[in-house]
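J.: Sequence:
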Amino acid sequence: MSAAANSKAPRRALVVVDVQNDYDGGNLAIQYPPFRDSVVNVARAMDAAAEVGVKVVVVKQMAPETSPIFAKGSHGGELHPEIARRSRDHYVEKALPSAFTGTDLEDWLRANVIDTIVVVGYMTHNCDLSTIIHAVHMGFAVEFLSDATGSVPYANSAGYASAEDIHRVVSIILQSRFAAVLKTAEWIDCLTSGALPERDTIYTSNQRALARNAA
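Residue numbers (UniProt numbering): 1 to 215.
Incorrect hints may have been included.
[As the list claims (entries may be wrong)] No more than 25 Å apart at the CA atoms, straight line, and that leaves these computed lysine-lysine pairs for DSS-like:
1. K183 - K55
2. K55 - K8
3. K8 - K183
[Stated by the list, open to error] Estimated spans, in silico, between C-beta atoms of each pair:
4. Y160 - P68: 19 to 25 Å
5. Y154 - G194: 35 to 41 Å
6. Y154 - A95: 18 to 24 Å
7. T192 - M138: 25 to 31 Å
8. E164 - H137: 40 to 46 Å
9. R85 - R199: 16 to 22 Å
In short, the hints are calculated from the structure, not lab data.
These figures come from a predicted structure and were not determined experimentally.
Glycine is no exception: its CB is placed at the ideal position from the N, C-alpha and C atoms.
Full structure from sequences and hints, please.
T.: Here you go:
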């Protein structure tokens, strides 16, 4: 964490991505970090944002009624109660991974003079990743709360990866270029202290790895 207070404080919005019931033991149950832990951190981030006047955007994934996940009108497709009962400043429904594609999110952020989005919700490697990269390409700074999200395992023709592997590797990649990756408690400290979270580059991340391998 940067020790110095930010001379130009970021204008943040917390973007809460797809915290829906299918992730809570449903047809796409989050495994790492466990949903029961990560959803608590999503709620903590929402409460902390509201307390200091950081605007909150809630995003919901939409799918056809025949879909096995997030089906329109299904319990699994509805927002988790912890998110549904909290206040929000804007609401977005989307059909693709990025919260920007086919939505008014960018226009709303620009209208509110937001320069930094803080991403929480699900999944680390899919909708969060897509939203973060999209945001960077549009000129937004990004912060990502790694304990307020999670992943599932995959097995396909390319191989197998556990939920923990996917979450860890994607978090490292994001920190190398696309976002400041930090824990929820650290982010809340930034809100109160004005400190900036650490950011990195692909070059320095690579140099550290080479030095570690050579040790």
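J.: Holds or violated: are the alpha carbons of K55 and K8 at most 25 Å from each other?
T.: 18 Å, holds
J.: Between Y154 and G194, is the Cβ distance one that fits in 35 to 41 Å?
T.: 39 Å, holds
J.: Hey, K8 versus K183, does the alpha-carbon distance stay inside 25 Å?
T.: It holds: about 22 Å lies between the C-alpha atoms, which stays within 25 Å.
J.: Decide if the proposed pair is consistent with the structure: K183 and K55, CA atoms, cutoff 25 Å inclusive.
T.: At roughly 19 Å apart (the allowed maximum being 25 Å), K55 and K183 satisfy the hint.
J.: Is 40 to 46 Å a correct range for the gap between the Cβ atoms of E164 and H137?
T.: 28 Å, violated
J.: Would you say the C-beta atoms of R85 and R199 sit inside 16 to 22 Å of each other?
T.: The hinted range 16 to 22 Å is violated for R85 and R199, with Cβ atoms some 34 Å apart.
J.: State, for the Cβ atoms of Y154 and A95, whether the hinted interval 18 to 24 Å holds or is violated.
T.: 21 Å, holds
J.: Do T192 and M138 keep their Cβ atoms within the hinted range of 25 to 31 Å?
T.: Once the Cβ atoms are compared, 28 Å apart, the range 25 to 31 Å for M138 and T192 holds.
J.: Assuming the hint says 19 to 25 Å, is it satisfied by the Cβ distance from Y160 to P68 or not?
T.: 21 Å, holds
Checked against the numbered hints given earlier, the structure breaks hints 8 and 9 and satisfies all the rest.
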